[in-house]
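Asks: Take these sequences, add in the hints, and give me the full structure.
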Amino acid sequence: MKGISTWAAVAIVVIVIVAAAGIYFAMMSSQGGHNATTPSTTTTTSTGSTTSTSQTTAPPQISANIVAGGSTFVNPAMQVWIKDFQSKYPGIQVTYSGVGSGAGVNNFLQGAYDIGATDVPPPTNLYQQLTQKYGEILTIPDVLGAVDIIYNIPGFHGTLNLTADVLAKIYLGQIQYWDDPAIKALNPNFNFPHQKIIAVHRSDGSGTTFIFTYWLYISTESWKSSNVGYGFTVNWPVDKLGNGLGGKGSDGVTAYVSQNPYSIGYVEAQYAIANNLTPAAVMNPSTGEYVIPSTAAIETAVKNANLTQLPSSLTKDLSQYLSVFLNVKAHNAYPIVTFSWLVVKVNYNDKAKAEAIYLFLKYMATTGQTELPAGYLPLPQNIQQLVLENLKLISYNNMPVYTMVS
Amino acid sequence: MIIKRKRERIFYFLLIPSSLVVLTFVLLLSVLVYNSIPALDTLGLSIYTKNVWDPVDNQYGGLAAIYGTIVTGVLSVVISAPFATAIAVFVNDISPKKFRSFLINLSDLLAAFPTVIYGFWGLLSLGPFLSHTLFAFLDSLFGLNRITNGPSILLASIVLAIMITPFASSLLREVYSQVPRSIDEAVYSLGLGKWELVMLKLSYIKRAFLGAYALAFGRAVGETVAVSLTIGNILNISPNLLDPGYTIPSLIISQFGTAYGIQYNVMFALALFLVVIGVAFVIISRLILRVRL
Numbered sequence: 001m002k003g004i005s006t007w008a009a010v011a012i013v014v015i016v017i018v019a020a021a022g023i024y025f026a027m028m029s030s031q032g033g034h035n036a037t038t039p040s041t042t043t044t045t046s047t048g049s050t051t052s053t054s055q056t057t058a059p060p061q062i063s064a065n066i067v068a069g070g071s072t073f074v075n076p077a078m079q080v081w082i083k084d085f086q087s088k089y090p091g092i093q094v095t096y097s098g099v100g101s102g103a104g105v106n107n108f109l110q111g112a113y114d115i116g117a118t119d120v121p122p123p124t125n126l127y128q129q130l131t132q133k134y135g136e137i138l139t140i141p142d143v144l145g146a147v148d149i150i151y152n153i154p155g156f157h158g159t160l161n162l163t164a165d166v167l168a169k170i171y172l173g174q175i176q177y178w179d180d181p182a183i184k185a186l187n188p189n190f191n192f193p194h195q196k197i198i199a200v201h202r203s204d205g206s207g208t209t210f211i212f213t214y215w216l217y218i219s220t221e222s223w224k225s226s227n228v229g230y231g232f233t234v235n236w237p238v239d240k241l242g243n244g245l246g247g248k249g250s251d252g253v254t255a256y257v258s259q260n261p262y263s264i265g266y267v268e269a270q271y272a273i274a275n276n277l278t279p280a281a282v283m284n285p286s287t288g289e290y291v292i293p294s295t296a297a298i299e300t301a302v303k304n305a306n307l308t309q310l311p312s313s314l315t316k317d318l319s320q321y322l323s324v325f326l327n328v329k330a331h332n333a334y335p336i337v338t339f340s341w342l343v344v345k346v347n348y349n350d351k352a353k354a355e356a357i358y359l360f361l362k363y364m365a366t367t368g369q370t371e372l373p374a375g376y377l378p379l380p381q382n383i384q385q386l387v388l389e390n391l392k393l394i395s396y397n398n399m400p401v402y403t404m405v406s
Numbered sequence: 407m408i409i410k411r412k413r414e415r416i417f418y419f420l421l422i423p424s425s426l427v428v429l430t431f432v433l434l435l436s437v438l439v440y441n442s443i444p445a446l447d448t449l450g451l452s453i454y455t456k457n458v459w460d461p462v463d464n465q466y467g468g469l470a471a472i473y474g475t476i477v478t479g480v481l482s483v484v485i486s487a488p489f490a491t492a493i494a495v496f497v498n499d500i501s502p503k504k505f506r507s508f509l510i511n512l513s514d515l516l517a518a519f520p521t522v523i524y525g526f527w528g529l530l531s532l533g534p535f536l537s538h539t540l541f542a543f544l545d546s547l548f549g550l551n552r553i554t555n556g557p558s559i560l561l562a563s564i565v566l567a568i569m570i571t572p573f574a575s576s577l578l579r580e581v582y583s584q585v586p587r588s589i590d591e592a593v594y595s596l597g598l599g600k601w602e603l604v605m606l607k608l609s610y611i612k613r614a615f616l617g618a619y620a621l622a623f624g625r626a627v628g629e630t631v632a633v634s635l636t637i638g639n640i641l642n643i644s645p646n647l648l649d650p651g652y653t654i655p656s657l658i659i660s661q662f663g664t665a666y667g668i669q670y671n672v673m674f675a676l677a678l679f680l681v682v683i684g685v686a687f688v689i690i691s692r693l694i695l696r697v698r699l
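Chains E and R, in that order, are what the protein sequence lines are. Taking this note's numbering, I'd label the letters of the first sequence as residues 1 to 406. Taking this note's numbering, I'd label the letters of the second sequence as residues 407 to 699.
Just so you know, the hints here were simulated from the structure itself, not pulled from any lab data. Note that the coordinates shown come from a computational prediction; the quantities given were computed from them, not determined experimentally. Check each hint, because a few of them may be wrong.
Subject to a maximum C-alpha distance of 20 Å in a straight line, what follows is the list of computed SDA-like cross-link-like pairs (lysine to any residue) [said to hold, decoys possible]:
id, chain 1, residue 1, chain 2, residue 2
1, R, K600, R, G617
2, E, K240, R, L647
3, R, K456, E, K196
4, E, K240, R, S452
5, E, K240, R, V585
6, E, K240, R, N457
7, E, K240, R, S425
8, E, K196, R, N646
9, E, K224, R, D460
10, E, K196, R, D545
11, E, K196, R, P645
12, E, K240, R, N551
13, E, K196, R, N551
14, E, K240, R, L550
15, E, K240, R, N646
16, E, K196, R, S546
17, E, K196, R, H538
18, E, K196, R, G549
19, E, K224, R, N464
20, E, K240, R, I476
Replies: In structure tokens:
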């Protein structure tokens, strides 16, 4: 009997300890306590590089964990990069979770992520919060992107022509039917039925929504005067009319558009390419041309963008420079072009982590751009140079780390 | 004597973990309240009375989500109740013995399906099907304007009803089978038929409905993925059940990832309201039961 009562007491003590520890860690993480960096258990033995001939020094034995996450858009590319990067630097563990742009930056702000990935640079108020907490931060472009307009009109063949103004009015609920004169004027060859337009948008906070609404904001008077503004989530006027639908993620939007005849929606270009969706041709207000978001049209836009407008230092509030890649004035340039971005701290008090992050980002901006999965567009050469210059700022206790690693 | 006392002591020791249920509830509620306070402080009760979700201007009001949560929750219970009762009666009193265990297994399997499967099935198959049949019929009958090819408050309610029916029926069927055999014998000895027997037995398990549907309602109003896929996720308060809408959990799952600042606290304030809805449902159903008895 004595034995059993002892065991019962032990069991209860164990339960209480586990529960208390659980509560403690839950509180720690909710208060934004930075994860202690646990050294990787993988030990790298220096066998010397046998295959690589270009490298003059053996791979540095840096042992660190990088926790990254955010944008779902870069997730497939990120997984390829991580696999490739870790084969070169086996001591560095990188994890990436595609939790969405907003969550990526938010978790970075809370200290849960070392790298936050987002489809738009952190907006000014968030940027200020980040610099208050971390001092300087870098906002680095990682892949090129664009926003495609997808639609579902039974019986429609060919390419749907749209302008920013028509799109703005559809999402404002001012154009409610497909046979609206404004749409007919752009597509005179199709006899549109008198059907309500279902305007599909993202229900979760999304960088795609941000770019799309920002583009509507700078391109049209109707959106600008509507007070809807732009952001990860906006108060869609079309919803109040009951003509909207909100899908979670690009896949949610795609599912709603393909399921509901007479609907329209917007998704990331890479997603549209990977899923063989037919995008609409969107008028570039700078040139007056209708442009289909082909790979060439997106690249044309970036190559002709006026990069002198960008700040030379990526530690600035880059949300102020979004319009550099929108409505680029060039023949066959798609108007809604953007980058996906990574947000990192500049200064670290953990040497291994600073070096690991520098190496990973350097890999991303150089070799990584040649290893992109299908559908992604690499960063142009001039942007790669800009990134590499700015990566030299990454430091350990205010000493740049790029000199310490090969 | 001493041995007995020791046994009792062990017994009471073992009861301590059960207090964890209470502790969990208290902790959960206090976290909800604690995180809701900043939102209620700055935005006041307009969180529950306004219909706006505007992170650009920091204006939040979840009235559409509250409306959608209550409507889908109540509607799913109303739709599900006759089916769950019918299954409980059929399994116990009517179906052949061999078929009985098959039905029970099948219903339990349905209850164990991940909700995301119900969601995608509702979105891809049930939605378009109902849209062409039931919704089109309602459209022609009442002139309800039907815009989408499925996603609506009614579709979400039906999907929820299908989800909670096996859950509620398994509870009902267990209770129904517990009604003493002597009732059956008494009813038959009086020369009454199966109908009278079923009605009499159902009146015995009235209270079980409360228990079963308190749990099922909780499942329905708390459901996130299946509702998010079928309701349309827009801030729309419309008496037309064929219009898309929103519920509190689907709003939370959509927006939680990008919530920072006051929006984060508004999420908790809405979650707190979910608890209020759950408690209100239990109280109201208890009152209904008291009146009828």
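Asks: Now tell me, hint by hint, if it's right for this structure.
Replies: Going through the hints against the structure:
1. This hinted pair does not check out: R:K600 and R:G617 have alpha carbons roughly 26 Å apart, beyond 20 Å.
2. At most 20 Å may separate the alpha-carbon atoms for a hinted pair to count; E:K240 and R:L647 meet this at roughly 15 Å.
3. Only pairs whose Cα atoms come within 20 Å are accepted, and R:K456 paired with E:K196 is rejected, the gap being roughly 27 Å.
4. Between E:K240 and R:S452 the alpha-carbon distance is near 18 Å, which keeps this suggested pair within the 20 Å criterion.
5. Our distance criterion of 20 Å between C-alpha atoms is broken by E:K240 and R:V585, whose separation comes to about 51 Å.
6. Between the alpha carbons of E:K240 and R:N457 the distance comes to roughly 9 Å, so the proposed pair stays at or under 20 Å and holds.
7. Simply put, E:K240 and R:S425 have alpha-carbon atoms about 46 Å apart, too far for the 20 Å limit, and the pair is violated.
8. Among the hinted pairs, E:K196 with R:N646 is consistent with the structure: their alpha-carbon atoms are about 16 Å apart, no more than 20 Å.
9. Taking the CA atoms of E:K224 and R:D460, the gap is about 16 Å. The hint holds against a cut of 20 Å.
10. A distance of roughly 15 Å separates the Cα atoms of E:K196 and R:D545; the hinted pair therefore holds under the 20 Å criterion.
11. For the proposed pair E:K196 and R:P645, the alpha carbon gap of about 19 Å is at most 20 Å, so the pair holds.
12. Restraint check for E:K240 and R:N551: the C-alpha separation of about 15 Å stays at or below 20 Å, so the hint holds.
13. This hinted pair checks out: E:K196 and R:N551 have alpha carbons roughly 11 Å apart, not beyond 20 Å.
14. Between the alpha carbons of E:K240 and R:L550 the distance comes to roughly 17 Å, so the proposed pair stays at or under 20 Å and holds.
15. Pair hint E:K240 plus R:N646 holds up; C-alpha atoms about 13 Å apart against a cutoff of 20 Å.
16. Under the criterion of a C-alpha separation no larger than 20 Å, the hint pairing E:K196 with R:S546 is consistent with the structure, at around 17 Å.
17. At roughly 17 Å between alpha-carbon atoms, E:K196 and R:H538 fall within 20 Å of each other, so this suggested pair holds.
18. Proximity of E:K196 to R:G549 is assessed by CA-CA distance (about 16 Å); at most 20 Å being required, the pair is judged to hold.
19. Using a Cα cut-off of 20 Å, the hinted pair E:K224 and R:N464 holds, with the two alpha carbons roughly 18 Å apart.
20. For the hint linking E:K240 to R:I476, the alpha-carbon distance of about 19 Å falls within 20 Å, and the restraint holds.
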